[in-house]
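Residue numbers (the numbering used here): 7 to 79.
What you were told as hints is all true, and nothing was included just to trick you.
Simulated restraints on C-beta separations:
{"hint": "1", "residue 1": "Arg16", "residue 2": "Ser37", "range": "30 to 36 Å"}
{"hint": "2", "residue 1": "Pro35", "residue 2": "Gln56", "range": "44 to 50 Å"}
{"hint": "3", "residue 1": "Gln17", "residue 2": "Thr43", "range": "15 to 21 Å"}
{"hint": "4", "residue 1": "Gln56", "residue 2": "Asp31", "range": "43 to 49 Å"}
{"hint": "5", "residue 1": "Gln56", "residue 2": "Pro34", "range": "46 to 52 Å"}
{"hint": "6", "residue 1": "Thr29", "residue 2": "Gln56", "range": "35 to 41 Å"}
{"hint": "7", "residue 1": "Gly53", "residue 2": "Gln17", "range": "14 to 20 Å"}
{"hint": "8", "residue 1": "Met36", "residue 2": "Gln56", "range": "40 to 46 Å"}
{"hint": "9", "residue 1": "Val27", "residue 2": "Gly53", "range": "29 to 35 Å"}
{"hint": "10", "residue 1": "Asn40", "residue 2": "Gln19", "range": "16 to 22 Å"}
{"hint": "11", "residue 1": "Gly53", "residue 2": "Asp31", "range": "36 to 42 Å"}
{"hint": "12", "residue 1": "Ile54", "residue 2": "Asp30", "range": "38 to 44 Å"}
{"hint": "13", "residue 1": "Ile54", "residue 2": "Glu33", "range": "46 to 52 Å"}
Think of the hints as simulated: they come from the structure by calculation, not from any bench. Beta carbons are placed, not taken as given, at the ideal position from N, Cα and C, and that holds for glycine.
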Amino acid sequence: VLAKHDSFRRQKQETYLLPIVVTDDGEPPMSSTNTLTIRVCGCSREGIVQSCNVEAFVLPIGLSMGALIAILA
Numbered sequence: 007v008l009a010k011h012d013s014f015r016r017q018k019q020e021t022y023l024l025p026i027v028v029t030d031d032g033e034p035p036m037s038s039t040n041t042l043t044i045r046v047c048g049c050s051r052e053g054i055v056q057s058c059n060v061e062a063f064v065l066p067i068g069l070s071m072g073a074l075i076a077i078l079a
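Take the sequences, apply the hints, and build the full model.
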């Protein structure tokens, strides 16, 4: 996992586009590229979302929520 962005700040920018590139070491080598849209929301100290519309996203490539969190961490 390679991360080039250290933090996401809603005050600076509400939406971030994160390019995702997946490659393998097979023969022939294969890869796939897609873009993940990240919307940074404001929340209370209790973690309740206060300032954005929460939307459900479908992960068509079979990426689990845990894998997605690992990529973003």
